[in-house]
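Number of protein chains: 2
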Amino acid sequence: MEGHHRKDEGRAEASILVVGTGAIGGFYGARLAQAGARVSVVARSDHDRIRAGGIHVQSEGGDVHFEPRQVLRSARECDGPPDIVLVATKVIPGADTADLVQGAVGPGTSILLIQNGIDIEEPVSRAFPETEILSGLAFIAANRVGPGRILHLDYGRLTLGRYPSGPSRKAEMICSLLESVGVPCLVTEDVVTARWQKLVWNAPFNPISVLAGGVDTQAILGSEELTRVARAVMEEVCRLAAAVQHPLSSDVIDQNIDGTRAMKPYKTSMLLDYENGRPMEVEAILGNAVRLARSNGVPAPHLETLYALLHLVNLKGDIERHHRSMGRQD
Amino acid sequence: MEGHHRKDEGRAEASILVVGTGAIGGFYGARLAQAGARVSVVARSDHDRIRAGGIHVQSEGGDVHFEPRQVLRSARECDGPPDIVLVATKVIPGADTADLVQGAVGPGTSILLIQNGIDIEEPVSRAFPETEILSGLAFIAANRVGPGRILHLDYGRLTLGRYPSGPSRKAEMICSLLESVGVPCLVTEDVVTARWQKLVWNAPFNPISVLAGGVDTQAILGSEELTRVARAVMEEVCRLAAAVQHPLSSDVIDQNIDGTRAMKPYKTSMLLDYENGRPMEVEAILGNAVRLARSNGVPAPHLETLYALLHLVNLKGDIERHHRSMGRQD
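Line order of the protein sequences matches chains V and B.
Sequential numbering of the first sequence, starting at -19, is according to this note's numbering.
Sequential numbering of the second sequence, starting at -19, is according to this note's numbering.
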């Protein structure tokens, strides 16, 4: 069996299993369903609420209500492998992406990872050596405001492509579906370079926003000293990208600084996670970059400092979450 | 008039004006009075309580109650210049040390600065070019726990010497007085090098303790990543010290790491300031070092990152303090 979708049946019947029903999974799942795909979801903590009421995406451009075809507790409950398993979970230690999709990956299935960070495809690629891995980057401001409730604030563009490189019909299909409902989408044949480009922004702004006391992008760029550090981190990311054969264009730093100055004040996802007592994606965004820097002999002192500090902040958060979950209030 | 003290009258009659009645001023003022010096104090926020009840230093080694000869609101109220003006205020922007001692400095007066940081003597030295400046470093764990109430927890050694270098009879006198009451003291003819040595510890541990989420020395050294950053900061301080002609011994980093591991878990002064909503000595400890690094062309990326982050954390604190002082609760 090749999966229940055949490309000549038309894209409307593409079957997609969305794993993770936070802001990213909820938003793209809802829009793909709106475009006509058959979308099921794996929801854990929000399972019962989503099974009862579906997923609601509130957006200035119009609200979308999304009733998944199936609401599962685990990908293992899947009644036949879909065309695409779309993974939209956070990349944090203990969350094993390969395990999360286990049971839903057939010979015709592609795995699409819409996740933050660098080098996050490696574990999945190792676990499914025969499977097409697609890597996606969401440029979106959206928050999960309750179980099955997503507030879409701004942007929404998805960049995706085959990992590590090359063309992909499935990537094109996702792109057509999203564009058919007005979500901008870009297919790239060099998605790893696209990840490095995104890291140029994420690596400085995410950690600084937390470590400098909980500040938005404008407060960071209002400080001459912090702007200097942000630029230095970006330079380290560029040197590192070049060292691993993904050189970025020389104006990427100015573009990121100027572009961010032109944006509304923006709270990073790491700051939102921190403020809401959730684990931050420290390893995916910073730890992997620092380890690559070390193994490639690229100096990255600013990045290392941010990583070391945030690593302990995250660890403290883990301990507090553990105490809360044990019912302790100390 | 040469001041009311003549050295041939014996050290018991040394006259000392202590400016600042926090932990440092309170502790050393009390012990110098105990040793027989005639000690007056300038106290601002705690003025009335200290005038009424003196200063009480609680210590495992025995409590000391200290009734200052005079309790002034300003050095300008001084009834004749003392032998020594001992300044024990924090070094924060807006606190002008030269202005604080104005009016109390006669031709025979020396100014002793027991303060944190590097290059903190410069403004006072420029304002009083004819006056002997003594520079002092307190190795002490002590907190002001209320107006005129000091809790002495551990240590207490004072290192002092003439700024920028050379011998000093006044430094010897202070040393004899303190040692006569059991407070260890060391006179150095190269106090600037001693400041660099102390900065080797202060520059990493103070900022990291705040930025990593409010952690003590053992938590920092329990993290491999943060220990690496602490060492890197120490290396930058050593390179900087060498560049400004105050080379430190090659084993100073290992000594500081190993010595700190052997200590009880210790909360830095910056962390105590942060937790209590007080301004941190970011400029004296980090800003001056970063500026020296830049003007001397010494790379200091780890130090710069810590400085930039803490600078904004401090600024946020300033704004919050301002709002509190305006009676706002937002």
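Wrong hints could be hidden among the right ones.
[What the hints assert, rightly or not] Taking lysine-lysine pairs in the DSBU-like style, the calculated list, with each CA pair at most 35 Å apart, reads: (1) V:Lys70 <-> B:Lys247; (2) V:Lys247 <-> B:Lys244; (3) V:Lys70 <-> V:Lys244.
Think of the hints as simulated: they come from the structure by calculation, not from any bench.
Structure-based check of all given hints:
{"no.": "1", "hint": "V:Lys70 <-> B:Lys247", "result": "holds (34 Å)"}
{"no.": "2", "hint": "V:Lys247 <-> B:Lys244", "result": "violated (38 Å)"}
{"no.": "3", "hint": "V:Lys70 <-> V:Lys244", "result": "holds (25 Å)"}
Violated hints amount to a single one, hint 2; each of the other numbered hints is respected by the structure.
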